[in-house]
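Asker: Following the hints, complete the assembly by docking chains B and C onto the known chain A.
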Amino acid sequence: MRAHVAVALLRPTLRAVPWISVAAGALLGLILVAVPASLVELEPRGWATVLRLAAVAGAVGAAFLLDDPADRTTVVMPTPRLLRRAVRVALLLPLLALWWAAALLALRALAGAAQVDGLPLAGLTVEAVALLAAAIAIAALAGGTGDGGVTGAVGVLAGALLACLPPRPYALVLEPADPAWDGVHGMWALVIAAALIAFAVAGRDPGAQRLTHVLFRRPPWQ
Amino acid sequence: MTATQTVTLSDMTVRFGRTTALDGVSVGLEQGVTGLLGPNGAGKTTLLRVLATALAPDSGTVRAFGVAAGDAAGRLALRRRLGYAPQEPGFHLRFTAFEFVDYVAILKEMTDRRARHAEVRRVLHEVGLDDRRGSRIRALSGGMRRRVALAAALVGDPDLLVLDEPTVGLDPEQRLRFRETIALLGERRSVLLSTHQTEDVTALCARVVVLHGGRVRFDGDPAGLAAVARGRVWTSPDRPATALASWRTGAGVHRNVGTAPAGAELVEPTLEDGYLLLLEDAAPAEVAA
Amino acid sequence: MSTTTERLPPGVAGESTANRIAVAWAVLALARVEVVRLLRHPAVLLALAAMAALWVTLRLGGATWTRFPVLHEQDRATQDLALLPGLAALVAGNLAVLRSRRDGTEELYGVLLLPRWARTGAHLLALLPLALLVGAAAAVHLAALAAAPGAVGQVNPWEVATGPALVLLLGAVGVLIGRVVPSAVAASLAVVLLLLAFDVMTSPVFGLPGRPVEWLTLVVGERLGQEGLTPDLLARPAIWHVAYLTGLALVVACGTLLRDRAPRIPLLAALVAAALGTVTAGALQLRPVSEEVRAARVAATERPSTRQTCETAGTVTYCTFAGYGAWIREWRPVVEAVRRLLPRGPAERPLVVRQRMVATNPAPEDGNSLAVPPPPLAAWRADDRAAGTPGAVTAGTAWGSGRDAFGLAGLVAHRATGATDADDVLCGGRAIVLLWLAARATPETATGFVEAMRASGGDVFFETAPYGPSVHVTERDVAVVQALLRLPTERVGDEIRADWDALTAAKVPTAKVAARFGLSAPPQPPKAERTVGTEGC
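Respectively, the protein sequence lines represent chains A, B and C. Be aware that the first sequence starts at 1, since it is given in my numbering, and climbs by one per residue. Be aware that the second sequence starts at 1001, since it is given in my numbering, and climbs by one per residue. Be aware that the third sequence starts at 2001, since it is given in my numbering, and climbs by one per residue.
For reference, chain A alone in the conformation it holds in the complex:
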């Protein structure tokens, strides 16, 4: 039954998602890659920075994916909220993969294979996925109605900036040539896992188990 519902939801969800915000982020990400790639030559760490900024732009747009003004009405449907959100994410995932691939291909095409081949693209992709997952998870936790997207966007921006701050031993954002590259990307994978867990927790039935419910909502005034 749930599978049928999920399939039937695809078309209306496609129309309900605020695609403009998502697309704006993705478009900016592509521009952030394409413009430097066609104009200048950079070292590997320069390209790493460019790709990371593009990933942040994409994540900022993706945070608005879960915005659902009808959340109040649809929260008590037999179809759980987690399924509705999962359908949205499922719609987004292939598009995101295409977008990231397009960004990498554009980089390769415009900047030349020589500059790109040395880059640790796997690690950078892990970071991009982590940023996207974090943005969507924060948006999910913040609630579906209107503030979720903004909170997710600002949250992932703040998170990305803060991730650059810690000094050497705790640094999360490294240059490509750094020997600790692989170890740090274990941390990034943990971020992805944490985001997935947060997403699942945020999609919980509000009719079940009050305590966390109280933390995130104000009492309604009659």
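Rather than coming from a laboratory, the hints here were simulated on the basis of the structure. For every residue, glycine included, the Cβ atom is placed at its ideal position computed from N, Cα and C. Certain hints may be false.
To be verified - Looking from chain A toward chain B, a few residues come up when the C-beta cut is under 7 Å (computed): (1) Ala16; (2) Ser38; (3) Met77.
Answerer: Relative to the frame of chain A, chains B and C by itself:
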């Protein structure tokens, strides 16, 4: 739980931090329309949300159609037979009325397209939005949007309807139509609607529950509520000092509610009078408590 | 865009002064509300907390720059962190402006008496307290630094003012974006763009750093080759940069207000004035460094004695640039500790410690490779002779780490053992004695010795002049020194003092020195791998 009760809330307590929204409320719903009255902050919306499984109580049980709604399976069973229109409905403004109700129908697990479309058309016809079903919700007025929300609640023919202030923003004609629809629905289903409009209660409801300060103050039929004010409503040429409420009617005399002096001209009390006096009687108890 | 008419009926509109005053009061009242909301916004709180946390943890961690801060470098450093609350102000200001659109109150506000531009003005005014807060935080931070006993230099208040100006500018941009683009995603994307722009502008690849054009960007860092300058030689156009940023903020603010149909004439005048001011300040900050400063830099580099004051303590004279006198207190223990380990003759020889720097003017048009020219050793020798202090030991304009202490100790020992400036590789007795003296002097120098070993994988290099040639001691001799350090200090010290001349003669073989103390020297590396200059050791 009596044999005719379809939905029962027992000993429902809901707290938000230090505020107690509902305090040991027990209500049983039967077939027919039940009205929920109460001042702002009395707990009406909280009660409705608990009933609609949008909110979990701190203690108490909800039993609906023979199943306890405390666990996930019970909630699911209840939601399959539930229609809920919240106080502030949210919409996808770009959707047309038809598309939005169709979307809600999918969420109610109606996966057969043809049957679903027919059902959507049916409920839109019931709320009187036939000719506007192709309009985007953004273009509809507030009253029409409420009707869309009502249609969304009605889709799937639920056995339990929970409506939070459904007549806000409706003009008198729309409100009449609404009463028609709800009365018809009440013949076979349980409907619980909260409202500030006591005329709706008088016109529609077989039963009325008054909530105040998170507790049930009255649970009976409208006539009984009006009877609370028997002997305490009178008319006088001038405004008396002892009246709780007093106003000059269109006929030129003052209609007063409160402790009537001896020999006053008593009049037949209305539901509003009973409601007012009920709350007033409860108030000193509140102060003492 | 609001569809309600903004024009009030004539007679009620802003013609009367009383009405204008009423509007002004209303704007102030609204601004007060917006200030509270802005300062409470999670992004702003997070940014301020991150700023504070960074400063506090670095202090607690005892970073060098907190114990021996160079104030005219630290004031500039506050600008980098000010970017955080600046970006937060952009986002928070933007969201505040969008609030009425998101919550659907724009239509209500549109028909109230206070016009839209006044509401925008309130949003803009609300940025001022945040900017002041950022400035105050920076001032407190610098005051705490200046209170440290090892603080030198002076604070340029205009550098401190750059942070708040930045917050104003970014916040104003956020408000503008909010009025122009109704979507909440725009501000976040603008932040990403700004981050890219910032990165582009500070990266050496794009050739900006070092060129005057750099001053058109937001934050200008320390240029390569210009660390360690005295405040009078820095010549950073800080005041013009603050004026430039503030002018930009005003231009953005006036533009936004005009777009919201504020009273044309006064605001257009303000906009033009602000634009003129911005362009003027912007141009002024692009001026090349004046000839006077250039000459002063050359003089300070080549003839430091002409700009220094000297202080004598016993047989040691310390000469520092103005404002750096506090460090004499730090140098003395190191120098005297080394001298205590020397035999009587060298210990009583007069010594001069002279602070020197290389204050080059960066090569024009060569943004990418800001090569610092080598220090003018010949000029320094001439300068020493002219000042009557031949053979002065060089001290730098940075201090605090173990390596700095070790470097100073090493140079004092270097002078005492009779090594000359021409030797870039030392080996044998001279090297071992020198290193032992330097490492033994104080606990800080011992730490510095370990750090120096770690930094070069077993060898030790220490600079004889800032950006200048280093003395290199190979691993073999370093190993002997390490073994010596494990022996009791008294014994080694006495024996070194006893055999001073023999041990510090040129080309005393390492093996001989080691055997003297009952140690075994590690074997010599094969001929092909031997460092040039270590023959005979």
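Asker: Each of the hints needs a verdict: does it hold here or not?
Answerer: Verification of the supplied hints:
{"no.": "1", "hint": "Ala16", "verdict": "holds, 5 Å"}
{"no.": "2", "hint": "Ser38", "verdict": "violated, 37 Å"}
{"no.": "3", "hint": "Met77", "verdict": "holds, 4 Å"}
The structure shown violates just one earlier hint, number 2.
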